[in-house]
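In the working numbering, the protein residues as written are 11 to 161.
Simulated from the structure, these hints should not be mistaken for laboratory data. Treat the numbers as computed from the prediction; the structure is a model and nothing was measured. Treat the hints with caution; some may be incorrect.
[What the hints assert, rightly or not] No farther apart than 30 angstroms at their CA atoms in a straight line, the calculated lysine-lysine pairs in the DSBU-like style are these:
1. Lys114 x Lys124
2. Lys114 x Lys128
3. Lys114 x Lys46
4. Lys114 x Lys153
[Said to hold, decoys possible] Ranges of calculated distance between the beta carbons of each label pair, as one might list FRET restraints:
5. Ser135 x Asp107: 38 to 48 angstroms
6. Gly117 x Ser32: 30 to 40 angstroms
7. Gln131 x Gln154: 24 to 34 angstroms
8. Asn56 x Asp139: 49 to 59 angstroms
Idealized CB from N, CA, C, for every residue including glycine.
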Amino acid sequence: MTITLQAVNEIIASLESAGELSIREQKFLKLAKAFKQLAAENLTMNRLLTDISDNHVEYFSEGEGYMFAGVPLDYVSEINMYVSRDVNAENPFPATDRIVAGIKADGVDEFVEKCREKSKQAISSDIRDNWWLAGEHADDFAKQLREGADK
11 MTITLQAVNE IIASLESAGE LSIREQKFLK LAKAFKQLAA ENLTMNRLLT DISDNHVEYF
71 SEGEGYMFAG VPLDYVSEIN MYVSRDVNAE NPFPATDRIV AGIKADGVDE FVEKCREKSK
131 QAISSDIRDN WWLAGEHADD FAKQLREGAD K
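All chains should be built: construct the whole structure from the sequences, respecting the hints.
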């Protein structure tokens, strides 16, 4: 199923003008807004990659037998802003970063479960405690990842 950005905008407008929303409708509205933000970020990322691709210059050295690509120097600073996200640059991809942070946290959650299983299987109390403690630290880290995803 394909949904257009225009359809998402219509859904958002319809829900926002509906007055008081049910919990389910509130979830749909939140999801639609996240989808819209992610679509905008993907458009920005696609534009950047297209610009890079359109502006690169390829050189081929017959004698050396290799090919390398270069980017015009006047374009490097704009690319650097997006790629390096230096301290002063505003993050242009917050929705994408939230998704990535959630995926990372899900992976850490799996590790937490593995640590707890190992703790229950351990024969020695020291080993059991170490596995349990590792799981607790990992659980805290997963929470930090998810909290950081909102920023």
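Evaluated hints:
no.: 1; hint: Lys114 x Lys124; verdict: holds (16 angstroms)
no.: 2; hint: Lys114 x Lys128; verdict: holds (21 angstroms)
no.: 3; hint: Lys114 x Lys46; verdict: holds (23 angstroms)
no.: 4; hint: Lys114 x Lys153; verdict: holds (11 angstroms)
no.: 5; hint: Ser135 x Asp107: 38 to 48 angstroms; verdict: holds (41 angstroms)
no.: 6; hint: Gly117 x Ser32: 30 to 40 angstroms; verdict: holds (33 angstroms)
no.: 7; hint: Gln131 x Gln154: 24 to 34 angstroms; verdict: holds (27 angstroms)
no.: 8; hint: Asn56 x Asp139: 49 to 59 angstroms; verdict: holds (50 angstroms)
Comparing the model with each earlier hint shows no violations; every hint is respected.
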